[in-house]
Amino acid sequence: MSIFDYVETEFGTNSKAKLKRISIGGNSNQKGNKYEDYFAVTKVCLAISQAITICDFDNYYVSSQEVAFIDDICYQIKNIGYKTNYQAKNSSGKAASWTKEIEERCKKQLNIDLKFHKANTSMNVLLVSSRGKCKNNKKKIPIQMNTYCSCEFFPYFNNSISLILSHKELRESLEIICADNNIQTLDTAFRCLYSVWGTTDPSEKCSVGDILRKAKDMSKPNIFCGFLPEMSIPSWLIEKCATFQNCQASIESGKIYVRYNGLELMVENLPQTLTPELEVVVKQITTLESFMRLLIDFTGKNLV
4 MSIFDYVETE
14 FGTNSKAKLK
24 RISIGGNSNQ
34 KGNKYEDYFA
44 VTKVCLAISQ
54 AITICDFDNY
64 YVSSQEVAFI
74 DDICYQIKNI
84 GYKTNYQAKN
94 SSGKAASWTK
104 EIEERCKKQL
114 NIDLKFHKAN
124 TSMNVLLVSS
134 RGKCKNNKKK
144 IPIQMNTYCS
154 CEFFPYFNNS
164 ISLILSHKEL
174 RESLEIICAD
184 NNIQTLDTAF
194 RCLYSVWGTT
204 DPSEKCSVGD
214 ILRKAKDMSK
224 PNIFCGFLPE
234 MSIPSWLIEK
244 CATFQNCQAS
254 IESGKIYVRY
264 NGLELMVENL
274 PQTLTPELEV
284 VVKQITTLES
294 FMRLLIDFTG
304 KNLV
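In the numbering used here, the protein residues as written are 4 to 307.
One thing to keep in mind: the hints can contain errors.
[Said to hold, decoys possible] Straight line, CA to CA, 16 Å or less: simulated EDC-like cross-link-like pairs of lysine to aspartate or glutamate: (1) Lys142 to Glu155; (2) Lys110 to Glu13; (3) Lys171 to Asp183; (4) Lys258 to Glu271; (5) Lys81 to Asp61; (6) Lys143 to Glu106; (7) Lys208 to Glu13; (8) Lys21 to Glu106; (9) Lys118 to Glu13; (10) Lys141 to Glu106; (11) Lys118 to Asp8; (12) Lys142 to Asp183; (13) Lys23 to Asp8.
[As the list claims (entries may be wrong)] Computed Cβ-Cβ distance ranges for the label pairs, DEER-style: (14) Pro237 to Glu207: 40 to 50 Å; (15) Met269 to Lys141: 47 to 57 Å; (16) Glu242 to Asn185: 25 to 35 Å.
If you're looking for bench data, these hints aren't it; they were derived computationally from the structure. The beta carbon of each residue, even a glycine, is placed where N, CA and C say it ideally should be.
All chains should be built: construct the whole structure from the sequences, respecting the hints.
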């Protein structure tokens, strides 16, 4: 049974026609609404930071323009059957007001989520960009609807840096994701996720993990350092670098670099300890050129 057939059976032909009108309006809008898109990417960031300890990113879904009565953004946690639907209104005026129509749409959406989608929990949220409007809307929501309806404030900014600076929870999530608190790094990570979100077909069901993987592939160098395994520079490499003046090894974005007077070499897959044979080879090296050649040769063999 399609969702339209379900709605017709449950609520009648008028409700089915209304759902189709809402769906058509949503499809024509799709992505490109900065207020909705910034909120969606914020939800992606929050989900990533929550799932990072167990890397369970595919358990979270953020999608747009669902066939629904509350249809702008949908946030789901699969393993607990949690579903939240958002109707976004970037306004402080009448368009962002809690109305009887919103109430009816929330009631129907609750029914659809629990009975058609088989969710365990359904929440329906009017999202507004005015704190004052949000406060007033909350007073209008009937007490008996508070268990499945709410109004939330989300600020509107025309650039991502301003949003990150003003939104503490988003900023802290990005700091976890990037293992960094530099605002430019955080903004770059947000914009990578925003780019993936904006170019993803809204008809495709993509998990937060799908979005994250595409963003990491796009990031050169990788700024999503919160996911990198703990690394340390092998002691033999540090000791050997110290035998050459101005030669240093460092870790950046999960990679080991050896630098000397402007010359830079990225090395991978170096062992923490040398075999007896390699130890002899390293000790016999007396020039920086031969040392670099060894690192290139060693890395190349490991890559092959």
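Tested hints:
1. Lys142 to Glu155: holds, 12 Å
2. Lys110 to Glu13: Judged against 16 Å, a Cα distance of about 12 Å means the pair holds.
3. Lys171 to Asp183: holds, 15 Å
4. Lys258 to Glu271: holds, 7 Å
5. Lys81 to Asp61: holds, 9 Å
6. Lys143 to Glu106: Between Lys143 and Glu106 the Cα gap is close to 10 Å, so the pair holds against 16 Å.
7. Lys208 to Glu13: Roughly 26 Å separates the two Cα atoms, so the pair is violated.
8. Lys21 to Glu106: Given pair Lys21, Glu106 holds - Cα atoms ~15 Å apart, limit 16 Å.
9. Lys118 to Glu13: This hinted pair holds, its Cα atoms lying about 10 Å apart.
10. Lys141 to Glu106: holds, 12 Å
11. Lys118 to Asp8: holds, 13 Å
12. Lys142 to Asp183: violated, 40 Å
13. Lys23 to Asp8: Satisfied, since the Cα-Cα distance of roughly 11 Å is no more than 16 Å.
14. Pro237 to Glu207: 40 to 50 Å: holds, 43 Å
15. Met269 to Lys141: 47 to 57 Å: holds, 53 Å
16. Glu242 to Asn185: 25 to 35 Å: Roughly 31 Å apart at Cβ, these two residues keep to the hinted range, so it holds.
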